[in-house]
Amino acid sequence: MSETIEVSEKQGDSKGERKINVVGLFTGILTILVPFLGAWWELRIGEAFFFSLNPFNPEVILFGEKTMIPVIYWLGFSFRILIVLSGGLLILGSISSKWWSRHLVKFGSSKLIWVVAGTFISILLLNLGIPGFELPFKIPLSGVSTEVLKLENARITFQIYSRFTETFWIATFTSVLGVYVRLKSK
Amino acid sequence: MGETTLKVILWILPWLLLISGIGYGLYQSDGDIEHFMIGNLPTILQKFSKIKISKDDFGLKKIDIAGKSIVAQFYFDSPFPFPVKIKDILIQGEGKKSNVEFEIELEKEVMIQPHENSTLTLRGNLPLNLEKEEIELKKAKIIMEILGITIEIREGRGAR
Chain Z
1 MSETIEVSEK
11 QGDSKGERKI
21 NVVGLFTGIL
31 TILVPFLGAW
41 WELRIGEAFF
51 FSLNPFNPEV
61 ILFGEKTMIP
71 VIYWLGFSFR
81 ILIVLSGGLL
91 ILGSISSKWW
101 SRHLVKFGSS
111 KLIWVVAGTF
121 ISILLLNLGI
131 PGFELPFKIP
141 LSGVSTEVLK
151 LENARITFQI
161 YSRFTETFWI
171 ATFTSVLGVY
181 VRLKSK
Chain P
1 MGETTLKVIL
11 WILPWLLLIS
21 GIGYGLYQSD
31 GDIEHFMIGN
41 LPTILQKFSK
51 IKISKDDFGL
61 KKIDIAGKSI
71 VAQFYFDSPF
81 PFPVKIKDIL
91 IQGEGKKSNV
101 EFEIELEKEV
111 MIQPHENSTL
121 TLRGNLPLNL
131 EKEEIELKKA
141 KIIMEILGIT
151 IEIREGRGAR
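One line per chain: the protein sequences are Z and P, in this order.
Each residue of the first sequence is one higher than the one before, counting from 1 in the numbering used here.
Each residue of the second sequence is one higher than the one before, counting from 1 in the numbering used here.
If we strip away everything but chain Z, and leave its shape as in the complex, we get (with noise of 0.2 Å):
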């Protein structure tokens, strides 16, 4: 793949030359967009609990009422700017040659990645459990799985759902061109 477009521009009176980084443009405009794509992981526990994953907007659905947390609401939306900002300054340091170019790519490829990494590693806790959170079903990580809970004289019976959505894996790809980008800008 061709990394870059050689484009002759005046600039006034001397005839300067830009290199745009069309992989580092690429990813800037996917970076943007991917904190406007939905959720990421999504688990249900029958119709009791449905849980949205998405780094940016999480949402609880508990007994059919939607819970709103603040703080995670607030911190959603500060990831937000941060990855759009990135992107944006992703796009400005892929298309411009100037010697803060460098920098601001290194910055806008960098970010998503650790929220991938986070949002990845937040699944896995939950599948395998967080020490002194137990609980007393696995939640598998993509897939359905019957659980059945015994109790003295009750049987209770649900199905766990959970998957990956498409936006996880946009969001992977992202990162990972993000990361391709920050090497090659060194």
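Please note that a few of the clues may not be correct.
As the list claims (entries may be wrong) - Residues from chain Z shown here face chain P by an in silico Cβ test under 7 Å; the list is partial:
1. 50
2. 62
3. 63
4. 78
5. 152
6. 154
Stated by the list, open to error - Distance windows between CB atoms, simulated:
7. P:88 x Z:145: 20 to 30 Å
8. Z:145 x P:40: 24 to 34 Å
9. Z:137 x P:64: 36 to 46 Å
10. Z:155 x P:50: 16 to 26 Å
11. Z:118 x P:24: 37 to 47 Å
12. Z:66 x P:117: 21 to 31 Å
13. P:38 x Z:183: 33 to 43 Å
Honestly, the hints are just simulated from the structure, not real lab data.
Here the structure is a predicted model, which is why all the values come from computation and not from measurement.
Note that CB positions come from ideal geometry on N, CA and C, so glycine has one too.
Given the structure of chain Z, go ahead and fit chain P onto it with the hints provided.
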């Protein structure tokens, strides 16, 4: 602006955004740290922890014995704020003297809307010699589905 200044700005920027976001969120919550950290979660949990099933919610309304046929009607006042599907009720009993067993079962699945009162009809057959004998209920099993979760409760002697 020098290269070092830019590097410092880019290093500070993510932290500044996160701290500003959280700070603004806390301001929006009127500085109430407890509400900021847990939101409406306690309200929702409290609402559902108040659900209590008492003995008065379920009971025998009427029992008709005609020949070998037995029809029992039970009332159920749903304490749940969501629909409940009663999938099956099975009650086993026996004649006190003869120890002859019989059973009655819910005739069809019943969907009960939130806080609705419903009548559940159970039917069964009695062995002929039980018609005039005092009967005793031994075991009961109820299977219900609440929000996609199936709960099976067994009560009585030998219930498993």
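Consistency of the hints with the structure:
no.	hint	in the structure
1	50	violated (10 Å)
2	62	holds (6 Å)
3	63	holds (6 Å)
4	78	holds (3 Å)
5	152	violated (10 Å)
6	154	holds (5 Å)
7	P:88 x Z:145: 20 to 30 Å	holds (24 Å)
8	Z:145 x P:40: 24 to 34 Å	holds (29 Å)
9	Z:137 x P:64: 36 to 46 Å	holds (43 Å)
10	Z:155 x P:50: 16 to 26 Å	holds (25 Å)
11	Z:118 x P:24: 37 to 47 Å	violated (22 Å)
12	Z:66 x P:117: 21 to 31 Å	holds (29 Å)
13	P:38 x Z:183: 33 to 43 Å	holds (42 Å)
The structure fails hints 1, 5 and 11 (numbered hints given earlier, in ascending order).
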